[in-house]
Amino acid sequence: GFYRRMIIRSRTIAALLLVSVGIFLEIWIGDTRGVWISCVLAALISLSFILTLPEILCVTFFALFATNWQPAVSPELIILGALPIISFLVRKWLPLEPWVGSIFLSFAGIMVLYIVFGLYFVIRNPSLFFADILLSLAYSAVVFKAMISFFPADTLDF
Numbered sequence: 001g002f003y004r005r006m007i008i009r010s011r012t013i014a015a016l017l018l019v020s021v022g023i024f025l026e027i028w029i030g031d032t033r034g035v036w037i038s039c040v041l042a043a044l045i046s047l048s049f050i051l052t053l054p055e056i057l058c059v060t061f062f063a064l065f066a067t068n069w070q071p072a073v074s075p076e077l078i079i080l081g082a083l084p085i086i087s088f089l090v091r092k093w094l095p096l097e098p099w100v101g102s103i104f105l106s107f108a109g110i111m112v113l114y115i116v117f118g119l120y121f122v123i124r125n126p127s128l129f130f131a132d133i134l135l136s137l138a139y140s141a142v143v144f145k146a147m148i149s150f151f152p153a154d155t156l157d158f
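Just so we're aligned, residue 1 is where the sequence shown starts under my numbering, counting upward by one.
Simulated from the structure, these hints should not be mistaken for lab results.
Mixed in with the good hints, there may be bad ones.
To be verified - In silico DMTMM-like cross-links for lysine to aspartate or glutamate, where the CA-CA straight-line distance does not exceed 20 Å: (1) Lys145 x Glu55; (2) Lys145 x Glu97; (3) Lys92 x Asp31.
Computed from a prediction, not measured in an experiment: that's the story for all the values here.
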């Protein structure tokens, strides 16, 4: 009823806020430290363990438009948009606790980006690569913990 709709709306707003914080962190850490991290992807994958499909689509499209204000579609954006949806579809098949699965799939998603677009970066700058992995997975865990802490378990889509 009404309570469930309000929870879903506030859960979606919280997810949009967490993705916005991820975008801010990516830009701020990238500009100040020179390390470009994958907080948005990690957040989207963690959220795919909690949100319903319409919500994850909404949040993913928001992230795509917020990170790329230009009308052009790039291969990076296609992968950034596809990975949370793939994560949503395979999450129930993982024989792991949801929080472990979200971190595992966040790691896998970041690795896909590096393998497809920046394997040379891993070889040339392994310390920056590991910093990206560490910071992104930490943010993934924060997103997951924040969502399960603020919303009742019966309203989450485990």
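Verification of the supplied hints:
A C-alpha spacing of about 18 Å is found between Lys145 and Glu55, which places the hinted pair at or below 20 Å, so the restraint holds. Distance restraint check for Lys145 and Glu97: the Cα-Cα separation of roughly 13 Å lies within the 20 Å cut-off, and the hinted pair is therefore satisfied. Between Lys92 and Asp31, the direct Cα distance comes to roughly 37 Å. Violation of the 20 Å bound is thereby established for this hinted pair.
Hint check: a violation occurs at hint 3 only; the rest are consistent with the structure.
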